[in-house]
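S.K.: Below, each chain spelled out in residue letters.
Number of protein chains: 4
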Amino acid sequence: MGAIDGSAYLGRLRERQPEIWINGQRITGNICEHQAFKGILTSKAALYDLQLAPEFRELMTYVSPLSGRRVGTSYLEPRSKEDLEKRRKAAQEWAKASGGLMGRSPDYMNTGIMALGTAWDIFDGNESWGSAIKSLYERGRENDLSFSHTFVTPQVNRSLGYFENNGEEPLAAKVIKTTSDGLIIKGARLLATQGGLTDELVVLPVMGNFIEDSSVYAFSIPSSTKNLKFICRESFSYSSSHYNHPLGSRFEEMDTIVVFDSVEVPWERVFLHKDMEVLFNMYNDSSFYSFLLHQTVARQAVKTEFILGIAQLLVDTIQIDSYQHVKEKVSEIIVGYEIMKSLLLASEMEAAPDSRGRMIPSSNSLYAAISTYPKLHARLMEILQLLGASGLITIPAEEDFDSEVGPDLNHYLKGTDCDAKTKIGLFRLAWDISTSAFGGRQTVYERFFFGDPVRISTGIYNGYERQEAKDLVFRLLND
Amino acid sequence: MGAIDGSAYLGRLRERQPEIWINGQRITGNICEHQAFKGILTSKAALYDLQLAPEFRELMTYVSPLSGRRVGTSYLEPRSKEDLEKRRKAAQEWAKASGGLMGRSPDYMNTGIMALGTAWDIFDGNESWGSAIKSLYERGRENDLSFSHTFVTPQVNRSLGYFENNGEEPLAAKVIKTTSDGLIIKGARLLATQGGLTDELVVLPVMGNFIEDSSVYAFSIPSSTKNLKFICRESFSYSSSHYNHPLGSRFEEMDTIVVFDSVEVPWERVFLHKDMEVLFNMYNDSSFYSFLLHQTVARQAVKTEFILGIAQLLVDTIQIDSYQHVKEKVSEIIVGYEIMKSLLLASEMEAAPDSRGRMIPSSNSLYAAISTYPKLHARLMEILQLLGASGLITIPAEEDFDSEVGPDLNHYLKGTDCDAKTKIGLFRLAWDISTSAFGGRQTVYERFFFGDPVRISTGIYNGYERQEAKDLVFRLLND
Amino acid sequence: MGAIDGSAYLGRLRERQPEIWINGQRITGNICEHQAFKGILTSKAALYDLQLAPEFRELMTYVSPLSGRRVGTSYLEPRSKEDLEKRRKAAQEWAKASGGLMGRSPDYMNTGIMALGTAWDIFDGNESWGSAIKSLYERGRENDLSFSHTFVTPQVNRSLGYFENNGEEPLAAKVIKTTSDGLIIKGARLLATQGGLTDELVVLPVMGNFIEDSSVYAFSIPSSTKNLKFICRESFSYSSSHYNHPLGSRFEEMDTIVVFDSVEVPWERVFLHKDMEVLFNMYNDSSFYSFLLHQTVARQAVKTEFILGIAQLLVDTIQIDSYQHVKEKVSEIIVGYEIMKSLLLASEMEAAPDSRGRMIPSSNSLYAAISTYPKLHARLMEILQLLGASGLITIPAEEDFDSEVGPDLNHYLKGTDCDAKTKIGLFRLAWDISTSAFGGRQTVYERFFFGDPVRISTGIYNGYERQEAKDLVFRLLND
Amino acid sequence: MGAIDGSAYLGRLRERQPEIWINGQRITGNICEHQAFKGILTSKAALYDLQLAPEFRELMTYVSPLSGRRVGTSYLEPRSKEDLEKRRKAAQEWAKASGGLMGRSPDYMNTGIMALGTAWDIFDGNESWGSAIKSLYERGRENDLSFSHTFVTPQVNRSLGYFENNGEEPLAAKVIKTTSDGLIIKGARLLATQGGLTDELVVLPVMGNFIEDSSVYAFSIPSSTKNLKFICRESFSYSSSHYNHPLGSRFEEMDTIVVFDSVEVPWERVFLHKDMEVLFNMYNDSSFYSFLLHQTVARQAVKTEFILGIAQLLVDTIQIDSYQHVKEKVSEIIVGYEIMKSLLLASEMEAAPDSRGRMIPSSNSLYAAISTYPKLHARLMEILQLLGASGLITIPAEEDFDSEVGPDLNHYLKGTDCDAKTKIGLFRLAWDISTSAFGGRQTVYERFFFGDPVRISTGIYNGYERQEAKDLVFRLLND
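Protein chains in written order, with numbering that gives the first Met the number 0: chain A, 0 to 478; chain B, 0 to 478; chain C, 0 to 478; chain D, 0 to 478.
Among the hints, a few may not be true.
Any copy, or any two copies together, can satisfy a pair, since identical chains are not distinguished.
Unchecked claim - Subject to a maximum C-alpha distance of 27 angstroms in a straight line, what follows is the list of computed DSS-like cross-link-like pairs (lysine-lysine):
1) K374 to K326
2) K88 to K225
3) K225 to K37
4) K273 to K95
5) K413 to K185
6) K326 to K420
7) K85 to K469
8) K37 to K326
9) K185 to K133
10) K85 to K95
11) K176 to K88
12) K413 to K37
These aren't lab readings, by the way, just hints derived from the structure by calculation. Being a predicted model, the structure only gives us computed values, none of them experimental.
With the hints as constraints, model all of the structure from the sequences given.
M.R.: What follows is the structure, encoded as structure tokens:
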């Protein structure tokens, strides 16, 4: 099969019919027509189409070492800096198609699967785990599967040192039984973005100091597995009009709560159970995070460039660049973009092979990027608001332009060098990224994209090699 | 008549039927039932009811010197610091009823009318202007009229030194003719919040360096005046459910573009035309801004307290105050609240009477407040997002709780000391103020509440007396 | 005796001859002539002169209820808001004489002694403590004594949960023995500012969770007590020229390490020993911190005004206020000043009497101020650097103006409306507050003036009443 | 001759005897023994020694294409990315020897001379300019000359649109006459760092909108040229003790005002006079700024690493990394370091050859770096102050340790794992970089290293290509 196009993706999804609940209703009809989902599904399908388009095929796919078919570049195991560059460029090509707004474009979790699957030796020697992860990787690559995933566990209490009481029904999904067929999972996970909108759901264990055996497991199952439910939050795709909600109507990905109501996971899909050492290695030794960050930072760089484009077009449209503070604000975006781009490039420049011969992007600059972006993104949204000002509030709808008051709007709202409808369309875009409910969710999402910023800081502190820095000081003091 | 209750307010509004357009449609039926307006109208009506409630009547009204009836405190001409205190407390009582989220509660523009009406001498000696503003003040006070207003003019180009070409159809509303009956106004104004939802529309001139005669005018006319149109932006009251959208369903005020399609303004309603000196004095000598700021800062202080309440309840619900950085963030809100409150109190402590015997709150601390709040509010929203985290994304709807998956939600989303529905209700509130489209518009609105922050800074620089500060330096240097 | 003048202060100091070490030398001669101390001593003497000057006498002193003599206002027990106002104005008069740069002007610790002495009942019933603190207060007031003090204990390790090993020689000063005559103290305290430059040294206990008996004590002893040593840091009074170092030459206060080499403290000077309950009450029930903060914030407000004066004079001298960003920066200082002033005034407006009838300034706004100032001050120094730019680096000395190259400097460095020497003098002032070693120490000092900012935040979080804020939210949600 | 060692550098300097004034005195004796200069001269001499040391010789020098001698790498014309890498590494090797604190290490201006000299064609065709710049480059390279330079002109008034009145004696140095021998220059320039401490002084023209002919000139002359005076500011090398002032005693570079008292510049040293087109091209077409920035950012990256080392050693010494906020602050330094390093590396990764075949580092990321560093450096100093706290104030001197109170200090100030003298030495280092007069000057210097931050922002706005960013937006909107 190899890399697929959009209709193949949508076709599989329609067939599967996972159990998805929204607004108190279970989705029963064609999900591709549902107001809450048609935007994101259409946009994802376009990504699949793009990878097969003649001008992108070379970049976006490569020849499978197994089947000889062309498969998606996000599955490529990088053996050289050129491979990393190819992975980056492919990720950015998809990101460009969505202004970097699709946090869970297929390459995100594909990359994770690649990271684990090409380090299958970590899991090996333990029953069938090694072959399970390898086969997951190959299945994903050869069939161009897409994955959603979920890390976050529900907690009634987020204080330090809180533990779930074991006497009760589980909250956080855990293994409540094992059978000869597999694991039985009961409980919930929070925040599976695009939950139910992908072929499979990958469930990965949470790291932490005090984890019980029953929470240590990893597997991937079809979204349509029996007793698996996805409960959606309110949809922010309030309007299907691309004019009114240029982003919400296209890229509202949806976040879901995942309920495992005694879900059975066959042994051949399990690649971790109870083994703490493998748990530790699967995140560290596999370079899982370095690879995910490489894709993430590639996307965030494109997003920053997209935001720069919006800002500059606002400035052009109302001709405000005679104000020094306007130039300063746009410069700040440029600097932010250069920083993200450079941190990304440096991760490749300082990449090094691991023991498996895989080329690992340097995590130092990538962690710096992921620590920078949450604040940067929030500041960029602030800048858009400061530049857009009341223009972000004066946003009549497409329907108004088509009505009796259309001529009024055309006259009174025209731009310096464009008509009113174009100008308002641009301001609606700025509004939708910075100020709408869709935009608000994006801001929160980027703030926590790789976890709590406080924890990221701590991680950087704990993991960073700084002997050389200290040696500079000793050299001076002992001079 | 005197101070009215909510049903009187709504009754007048239904009768009047101003020309309001939304989503390509003119509103024809009962506006109080319209999805986009029923929330705000119900909330405003509740404010009017509150002022007549036995426990608030003393504070919220006073005896009219003209009619002897009890009239609204926002019309009170302050002659002492006690009067200022009464005005502040009344403003805050209304603000508390809406968490400070109604930027255009009736007392806002009532205060402006009071400021101008009690300084009618500025307009006197010029035809009938003095009596026009006086009668506007008295009419407003005795009938408890509500006003919307509009300052902002449309511009195709906001660059320095741009002027509208006079050969074309006017963009910015201007006097295109005068007749024996009055002025004829043609053109548009932007951003009348609650445009059409009040008894009258006050139109005030813009200050600036290069204003033409035809733009210098001031008057108030009924919202239902012929040829006057209000064109709404998209409504952010996406849901009428108080549970789903606790704020948007109640306080979405709506912003409008105002089109004057050759509107005739009778001379007796005009209190300024062409006179540049009166234009200058109407803003400066009347203490117009000081009084508006006193009401505004009173509201913003309450809003800050409301946000503090939300933040603390988030913290309590998920028990995160064992984290030092959480305490630090909540402390930051407390400090912000104390700053806003103190700047407000200091404006009264340092108030001084003007030549008319009116007690004028000190503008120094009020300008400091209005310069501080845009940044503070944005930071408070950021803090709510940082505290709420994924909880602002995991927001199933009221309908979900009532459905088959309700038991799942009740189980998996419960809080430390409250049930899931209460917890999600609280997170929805935090979401609606910080992250929803309603919240986004609030953030933009507060950023520009008293105009462009850059211009406010310049105004402070230009207007502040700092000889004493320099003298401190000379004293030292010459010591 | 009552309030004294400068020569009385200096006379007492010369007589006393405490053991002070600086730069490896013990001071033996006349300390008033010592390069490191003559600046600060002269400046302090000037404060004492000022309080007796005819135009300030009424404000700066009051009639002692005990002796009928006029005594210093910093000793005044406030019984009304007018008393608080008098205390504030007196504190600010002294602050103005030093641009707010003397952190330990005599009124600081006098205020602390007043707070404790007028709440002597806290200490009563415990041996002679009540009368000890009362007599300290009266002795201080009637003789216009000045005090330095010290809170900070040395630690080899500042990590959480570190405790000193008891087997060794004590590091932190503690009671190593009690005799019939009094306590024997051994160990050190850090950071007594102006250590040895005052009549007495007040030693107060540190609060904390795990304090041993031997660390719970409080007393005041003469600076010249036997076996008491003050070890100075490097002096930042590098030049005695008021032109070259306008601030360092006048206000370098010096910080010292205090070594107690088995110092005997007579019982009649002890007002606390071992009693944990009294320890707790002495800080809380006495309103010790509220009073200290009232003096501190009064000083910091003046300092902010002084900085505003410097900034504006820089701007005037080189005529840079045609730049919008320059106006913005100066506005930021104005806003900062208004905030500090308003928080101070609000503490009086919201003051309330305690059970003793003392009028206590509200700590809410004062804590907000002390949480704000460390960041504000640092930002003000940044603004001075940004405004001053290379002018803070091009600073030839007084000696250059008097030399053969004087004419060059006079020609090439002249200001817009002033001669070169005046201009450079002003830039030297800006340099000395923002960029010199003296200024650097001031910045660090203000950052930690009332302790670690993180701990202040925690204190605000823990101590602030916010039920009303939560009630605002409940009112809305239950509406 | 080729690359020299330290004694050659010092020898030339002693011989030359330029006219340097400090503190009202002209330096007459051996400048290497002068308190204000011996530190920096010794440190510079060490750099020259280092380049000839066997382990660095390969990196720090290369074979001159002219003479075949080994000459300094800072003179290397880069023809490949490898050459850029070599230049970077050499710059960083020198930077490491001074913790990045020597802003004007010889490679800075050598790089500028290389940029101009290898683009001599810009100057060619105009009398002898082409050969003048070429010969300057070759003279510098072959003799390992060092250069100071000066851009800044004195102004009595920095307001927009201020021009010097031509009737008076010139302030800004200008050509007052030309003779057959050369130009006669009269007037001053400000802020030649290390003025008089180098072989030659390069004088470059200022760019701007309204420049007169008489200000358009460029040349290099010996520091000891007749009628050329250097007037120093106050020296911040207050102590020669490396213990007391670890940085000031080594790296105080000194800044000078340069007075041209009718200095004659021979024609053969002039490479620009009056030609506006060449003026424009000399900065743009030569990639002058890109090359300077490449050296500068290389240095600033090392400086950031050095600061990281100091911060970590503070943390280690007092064991405060159990505090989360401490980890967060150190992480912030790490992130800042990664950003600077990545921007530097990206400039090489995105380098491209110019028409002369010189490999030009990309200015995009370098301008982002120079826009970032002023704020970053200031924040790093703030972090050091917040980590160091009172430890930056408790700084007894070396002399104290050697005195009678030494045992007290040894006991009371010891660190967790080091003795008191080592600990205080480390805190003194942190103080000297962040809080001393030397440190203050460094902070101001970095704030303005490449000019006014506001102007840098404007430059970035004006020069940045952002069509691709806009195209991303159009692609979406037109989708």
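S.K.: Now tell me if each hint is right for this structure.
M.R.: Evaluated hints:
1. K374 to K326: Answer is both; intra-copy 20 angstroms and inter-copy 18 angstroms each pass.
2. K88 to K225: neither (38 angstroms within a copy, 60 angstroms between copies)
3. K225 to K37: within (24 angstroms within a copy, 44 angstroms between copies)
4. K273 to K95: neither (41 angstroms within a copy, 49 angstroms between copies)
5. K413 to K185: between (58 angstroms within a copy, 17 angstroms between copies)
6. K326 to K420: For K326 and K420, only the intra-copy Cα distance (26 angstroms) is at most 27 angstroms; the inter-copy one is 37 angstroms.
7. K85 to K469: between (37 angstroms within a copy, 24 angstroms between copies)
8. K37 to K326: neither (39 angstroms within a copy, 42 angstroms between copies)
9. K185 to K133: Answer is within: at 26 angstroms inside a copy they meet the 27 angstroms cutoff, but 69 angstroms across does not.
10. K85 to K95: within (15 angstroms within a copy, 36 angstroms between copies)
11. K176 to K88: For K176 and K88, neither the intra-copy (44 angstroms) nor the inter-copy (60 angstroms) Cα distance is at most 27 angstroms.
12. K413 to K37: neither (32 angstroms within a copy, 31 angstroms between copies)
Violated hints for the displayed structure, listed by number in ascending order: 2, 4, 8, 11, 12.
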